[in-house]
Amino acid sequence: MSGGIVVLSAANRWDGVRMADQQLAASLSRLVPVLYVDPPESAATRVRSAGWGSAVRRGGLVELGPRLWRLTPEGLPGLSRPGIRAINAEWVAQQVRRATARLGAAVVASLEANVLVPVSGRIGEAITVYWAQDDFVGMAPLVGGSAAAYARANERLAANSDLVIAANPHVAAALTARGAKPLTIPFGCDAPHFAAAEERSPAEDIGGSRPRAVFMGHLGDRIDVALLERLADDGVCLLMVGPRHLRADFSRFDALLAKPGVQWVGGRDFDLLPDYLAGADVGLVPYTQSRFNVGSFPLKTLEYLAAGLPVVSTTLPGVEWIASEDIHFADDAESFSRSVRAVLAAGRSGEAARRRRDLASKHSWDERARAFAEAIGLVQHTRTPMQEGPGLGSPFGREKEP
Numbered sequence: 001m002s003g004g005i006v007v008l009s010a011a012n013r014w015d016g017v018r019m020a021d022q023q024l025a026a027s028l029s030r031l032v033p034v035l036y037v038d039p040p041e042s043a044a045t046r047v048r049s050a051g052w053g054s055a056v057r058r059g060g061l062v063e064l065g066p067r068l069w070r071l072t073p074e075g076l077p078g079l080s081r082p083g084i085r086a087i088n089a090e091w092v093a094q095q096v097r098r099a100t101a102r103l104g105a106a107v108v109a110s111l112e113a114n115v116l117v118p119v120s121g122r123i124g125e126a127i128t129v130y131w132a133q134d135d136f137v138g139m140a141p142l143v144g145g146s147a148a149a150y151a152r153a154n155e156r157l158a159a160n161s162d163l164v165i166a167a168n169p170h171v172a173a174a175l176t177a178r179g180a181k182p183l184t185i186p187f188g189c190d191a192p193h194f195a196a197a198e199e200r201s202p203a204e205d206i207g208g209s210r211p212r213a214v215f216m217g218h219l220g221d222r223i224d225v226a227l228l229e230r231l232a233d234d235g236v237c238l239l240m241v242g243p244r245h246l247r248a249d250f251s252r253f254d255a256l257l258a259k260p261g262v263q264w265v266g267g268r269d270f271d272l273l274p275d276y277l278a279g280a281d282v283g284l285v286p287y288t289q290s291r292f293n294v295g296s297f298p299l300k301t302l303e304y305l306a307a308g309l310p311v312v313s314t315t316l317p318g319v320e321w322i323a324s325e326d327i328h329f330a331d332d333a334e335s336f337s338r339s340v341r342a343v344l345a346a347g348r349s350g351e352a353a354r355r356r357r358d359l360a361s362k363h364s365w366d367e368r369a370r371a372f373a374e375a376i377g378l379v380q381h382t383r384t385p386m387q388e389g390p391g392l393g394s395p396f397g398r399e400k401e402p
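Position one of the sequence shown corresponds to residue 1 (our numbering), numbered consecutively onward.
No wet-lab data here; the hints were simulated from the structure.
Since the structure is predicted, the reported quantities are computational estimates derived from the model, not experimental observations.
Don't take every hint at face value.
Derived Cβ-Cβ restraints for the label pairs, each shown as a range [said to hold, decoys possible]:
hint, residue 1, residue 2, range
1, R338, G207, 21 to 27 Å
2, G350, R156, 46 to 52 Å
3, G350, G179, 46 to 52 Å
4, E204, A151, 44 to 50 Å
5, G220, R102, 37 to 43 Å
6, E351, R200, 17 to 23 Å
7, A258, R98, 52 to 58 Å
8, G104, Q380, 22 to 28 Å
9, R98, R178, 32 to 38 Å
10, P243, P141, 17 to 23 Å
For each residue, glycine too, the CB sits at the ideal point set by N, CA and C.
The task is simple: from the sequences and hints, build the whole structure.
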């Protein structure tokens, strides 16, 4: 190929759980060529997870589709050690430079989402963009990382980038307080994919009766389990879809699963998720008020709306930003259960479901990709103020300085 390419240095592996990184890359590739760079992985890590046959890495650069490639770079084990992180950053950058040379493409932009092993500034990019997806300091305890290391990396990237894009108004405000001038472009959703729930039959392995509340996502410390316990105690039929996090309180979740009307089906492929939402009547975001949650933008919120479902959520800045009449907020167990039961009692409405899907379509990943491309200068601006949508301030504008 000839011309330019965007290098997206991702926080998540392409073949992992479908997160913001993969979905933005896919949509962005409809506008410009994209190289998706997995976090580096060592031979030791592969052997631990898949046996000795995986020790030798194969297929480092793979074409995923039109204008979209994936690079799976090699790295050293021991990411928690500062010296190893620095070596890995340079080693990955070398592999990226070789990949872009092989593709015959100049790097028009580096979109950096890998906070601890950044390649930006090392790959000859024309513009460096820091994609601040979360409150990484708040994330550190959840992943067993060093909060101090994440804080230093976050500040370094914000200071050394030409453009900072925050995925959450809370994260944007924190960056602004440190002297950055971020753009706020929240996460989006695969609106057409989840809208298919309207036409799908509920997954065959769903048990129990309707109406039914659903939680979709990882079961772990981010969840306020007391909210789900109260729902079960109040007779709400509850479906949980997603893997259990390794750091989850298994005894608490096991006790919840033992309650009548509660079903956990485990993790499910992204392509099958609409089948499970087709069997639900309200989507739940029962998150605690932890630092990480407050600085997050739960993807599931827009995905529920895209499936035509109303939402009951705890009060989080990212969810409030959506500004939808179909999102109901409650923070304690009693009011959360009351809100869920009120939504279920109201019954299903075709008109309301269409309204929710229409709103979600305005927050699709294609819309977000265009916002990124416009901000970076890869395509011409086409938005007007009327198109910018609801939320806390201008969603595609710079945060005001304090």
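Hints and how they fare:
no. : hint                       : in the structure
1   : R338 with G207: 21 to 27 Å : holds, 25 Å
2   : G350 with R156: 46 to 52 Å : holds, 51 Å
3   : G350 with G179: 46 to 52 Å : holds, 49 Å
4   : E204 with A151: 44 to 50 Å : holds, 47 Å
5   : G220 with R102: 37 to 43 Å : holds, 39 Å
6   : E351 with R200: 17 to 23 Å : holds, 20 Å
7   : A258 with R98: 52 to 58 Å  : holds, 54 Å
8   : G104 with Q380: 22 to 28 Å : holds, 25 Å
9   : R98 with R178: 32 to 38 Å  : holds, 35 Å
10  : P243 with P141: 17 to 23 Å : holds, 19 Å
In summary, the structure agrees with every hint in the numbered list given earlier.
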